[in-house]
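**Student:** So the sequence lines, in the order shown, correspond to chains E and P.
Residue numbering for the first sequence is 1317 to 1633, as defined by the working numbering.
Residue numbering for the second sequence is 1317 to 1633, as defined by the working numbering.
Read the hints as simulated data drawn from the structure, not as lab findings.
Be a bit skeptical, because a hint or two may be false.
Claimed, not checked - Covered stretches of chain E, going by a simulated chain P footprint (3 or more residues, C-beta under 8 Å):
1. 1409-1415
2. 1429-1439
3. 1442-1452
4. 1490-1498
Said to hold, decoys possible - Residues from chain E that keep clear of chain P, each with C-beta distances beyond 12 Å, as calculated:
5. 1325
6. 1329
7. 1353
8. 1426
9. 1553
10. 1557
11. 1558
12. 1597
13. 1598
14. 1613
15. 1617
16. 1619
17. 1625
What the hints assert, rightly or not - With a straight-line cut-off of 20 Å between C-alpha atoms, the simulated DMTMM-like cross-links for lysine to aspartate or glutamate are:
18. 1325(P) with 1405(E)
19. 1325(P) with 1406(E)
20. 1325(P) with 1408(E)
21. 1325(E) with 1594(P)
Even for Gly, the Cβ is constructed at its ideal location relative to N, Cα and C.
Number of protein chains: 2
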Amino acid sequence: MSEFSLIEKYFTRPAPTAVLGVGDDAALIAISPGINMAVSTDMLVAGTHFYPDADPFLLGRKTLAVNISDMAAMGAVPRWATLALSLPEENEAWLAKFSKGFFSMAESSGVELVGGDTTRGPLTLSVTIMGVVPLGQALRRDGARIGDEIWVSGKLGDAALALAHLQGKNRLEDADYQRVSSALHDPKPRVALGLALRSIAHSAIDVSDGLLADLGHILEQSRVGAEIHFDQLPVSECVQQFSAQAFGKRCVMAGGDDYELCFTAPVEMRARIQQISDELNLPLTIIGRIIRGNRGKVLAQDGTEIQLEKSGYDHFG
Amino acid sequence: MSEFSLIEKYFTRPAPTAVLGVGDDAALIAISPGINMAVSTDMLVAGTHFYPDADPFLLGRKTLAVNISDMAAMGAVPRWATLALSLPEENEAWLAKFSKGFFSMAESSGVELVGGDTTRGPLTLSVTIMGVVPLGQALRRDGARIGDEIWVSGKLGDAALALAHLQGKNRLEDADYQRVSSALHDPKPRVALGLALRSIAHSAIDVSDGLLADLGHILEQSRVGAEIHFDQLPVSECVQQFSAQAFGKRCVMAGGDDYELCFTAPVEMRARIQQISDELNLPLTIIGRIIRGNRGKVLAQDGTEIQLEKSGYDHFG
Chain E
1317 MSEFSLIEKY
1327 FTRPAPTAVL
1337 GVGDDAALIA
1347 ISPGINMAVS
1357 TDMLVAGTHF
1367 YPDADPFLLG
1377 RKTLAVNISD
1387 MAAMGAVPRW
1397 ATLALSLPEE
1407 NEAWLAKFSK
1417 GFFSMAESSG
1427 VELVGGDTTR
1437 GPLTLSVTIM
1447 GVVPLGQALR
1457 RDGARIGDEI
1467 WVSGKLGDAA
1477 LALAHLQGKN
1487 RLEDADYQRV
1497 SSALHDPKPR
1507 VALGLALRSI
1517 AHSAIDVSDG
1527 LLADLGHILE
1537 QSRVGAEIHF
1547 DQLPVSECVQ
1557 QFSAQAFGKR
1567 CVMAGGDDYE
1577 LCFTAPVEMR
1587 ARIQQISDEL
1597 NLPLTIIGRI
1607 IRGNRGKVLA
1617 QDGTEIQLEK
1627 SGYDHFG
Chain P
1317 MSEFSLIEKY
1327 FTRPAPTAVL
1337 GVGDDAALIA
1347 ISPGINMAVS
1357 TDMLVAGTHF
1367 YPDADPFLLG
1377 RKTLAVNISD
1387 MAAMGAVPRW
1397 ATLALSLPEE
1407 NEAWLAKFSK
1417 GFFSMAESSG
1427 VELVGGDTTR
1437 GPLTLSVTIM
1447 GVVPLGQALR
1457 RDGARIGDEI
1467 WVSGKLGDAA
1477 LALAHLQGKN
1487 RLEDADYQRV
1497 SSALHDPKPR
1507 VALGLALRSI
1517 AHSAIDVSDG
1527 LLADLGHILE
1537 QSRVGAEIHF
1547 DQLPVSECVQ
1557 QFSAQAFGKR
1567 CVMAGGDDYE
1577 LCFTAPVEMR
1587 ARIQQISDEL
1597 NLPLTIIGRI
1607 IRGNRGKVLA
1617 QDGTEIQLEK
1627 SGYDHFG
């Protein structure tokens, strides 16, 4: 049973005053007339989500960045965060670097740390982030409509390629590793994009678990299907080298850790979205469209369907 | 360096839009004209904060209860919570019981779970709780004034006595263990008391780390001293048996896990507070008073000062 199903089965109960409960990138709470608070929580465990010897400065940045990414996916302005961490020992040098990284991301994103807890235990980090979004303007997972174009920001697969290199699964030239490693270690949450997409996109999610898995959540919650064109997926030259191989396809479609936004919008918004892309100097690419049905398929250039491995993306393949 | 100093040193930065930042039972955020949101986060690690084989239903209740207690200490109404947990294996039976306990506490306290994350890793639980309190009415740690009487709710030391029994440090008769064990396993957060004390108490804190450690935070942040009368501390008959011994004194004054409220209020509020005690059917006891200075002392019945071990309560002894 996946993480998602466990949450759904045991931790989804009616939350009457929540506009949107567990199951989107963030919950929405009505805190003030006209304003919702978006709230999301994440736990990162050493050995599962990061290497115990990861650079503490970059880890501090990423710990907050992945949470800010959830705010971006809601079209919310990230405002406040709490941080709980357990540490195997009181390692002040580590804490100093970690907190420096955490605050460098906080300050550049306008986030204030308003609560903290440190304790002894296996290295584990938990952030709760809170943001604000005007009533009715949040980007949700359940708003995709048939005919919507599916977009993705930036490029996909660099982080997965960097991780495969570190795991010894696919060695890269040094120069290539340098090009893709920042996607893995220092992701840039797409907050400005999320804000710009309010009242433009019908649905959005951030790509943390891999494009197909995350787009699958949009399909499930919007009760629609999707058609993706593999050759339209935006990838770097490094990833391009591997994209004919099953390994390369996995990096692009199921790699995860991209922290780009995947969103759907009606065709008539295309010009407006291209304008946003120019303004933000951020590539935004149409990768397919929303169709009737309840599943997604990925098409090759010749129009045939690419057969996918099952695991990781329930609504594709 | 204690948990408190680590937080202070590395995670306290100016939070300009926060009314009150890291360092109280909860932070206060201005979310709406006239209303503050109180936010607090906690991490509980198996082996450090609870036994890995703890009853999952009671653990679920307590995980939320200790966070609700922080809201009580602020005079806030607890409203929303997020839960992140890592589990060594996908143990559905455990999750089913844990979530049942968590929701039993949530429902009886009017708290909605609005965000969750489950992941693989060492058994660790992290809750962030959010509540609301009218502007200017929160109970803080920094409001104690010279001449205030110091009060504590309920009884102190039962939880510590139960824990010492489980640790084999001080065996109890079965009947005695039964009497004190619910204080350890199923604490009752004093939300109604916190609300009743708005505009009555000058300062408040919940007793999670032990009376002297927690009252010490009030002394530090209010820049005052305190005089406590040991024989006035409210204890159960079980604890009373040991209170002549150093061990018994430790349970009462430094045991922790009591989750009672310790608060200070001016003498003229005494009758009003006794009325609250009657209304809530909850003992409220005067244990001493706030004096000039920056330290606390504990007095024996004959007026001599009781010498305390240093550790755990910087502002006493």
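**Student:** It remains to establish, for every hint, whether it holds in the given structure.
**Tutor:** Hints and how they fare:
1. 1409-1415: n = 4 at 8 Å, threshold three: holds.
2. 1429-1439: Our answer is that it holds, as 10 residues pass the Cβ test (under 8 Å) against chain P, meeting three.
3. 1442-1452: Holds: 3 residues of the stretch 1442-1452 of chain E have a Cβ under 8 Å from chain P.
4. 1490-1498: Check failed, 0 qualifying residues.
5. 1325: Check fails; 8 Å does not lie beyond 12 Å.
6. 1329: Answer for residue 1329(E): violated, closest chain P Cβ roughly 6 Å.
7. 1353: violated, 7 Å
8. 1426: Answer for residue 1426(E): violated, closest chain P Cβ roughly 9 Å.
9. 1553: Holds: least Cβ distance 33 Å, greater than 12 Å.
10. 1557: holds, 32 Å
11. 1558: holds, 28 Å
12. 1597: holds, 29 Å
13. 1598: holds, 27 Å
14. 1613: The assertion about residue 1613(E) holds, with a minimum of 30 Å to chain P.
15. 1617: At roughly 38 Å from the nearest Cβ of chain P, residue 1617(E) sits farther out than 12 Å, so the non-interface label holds.
16. 1619: Given a closest Cβ separation of 39 Å, the condition holds.
17. 1625: The assertion about residue 1625(E) holds, with a minimum of 21 Å to chain P.
18. 1325(P) with 1405(E): Between residue 1325(P) and residue 1405(E) the Cα gap is close to 16 Å, so the pair holds against 20 Å.
19. 1325(P) with 1406(E): holds, 13 Å
20. 1325(P) with 1408(E): OK: residue 1325(P) and residue 1408(E) at ~10 Å, within 20 Å.
21. 1325(E) with 1594(P): Since the Cα atoms of residue 1325(E) and residue 1594(P) sit roughly 42 Å apart, the hinted pair is violated (cutoff 20 Å).
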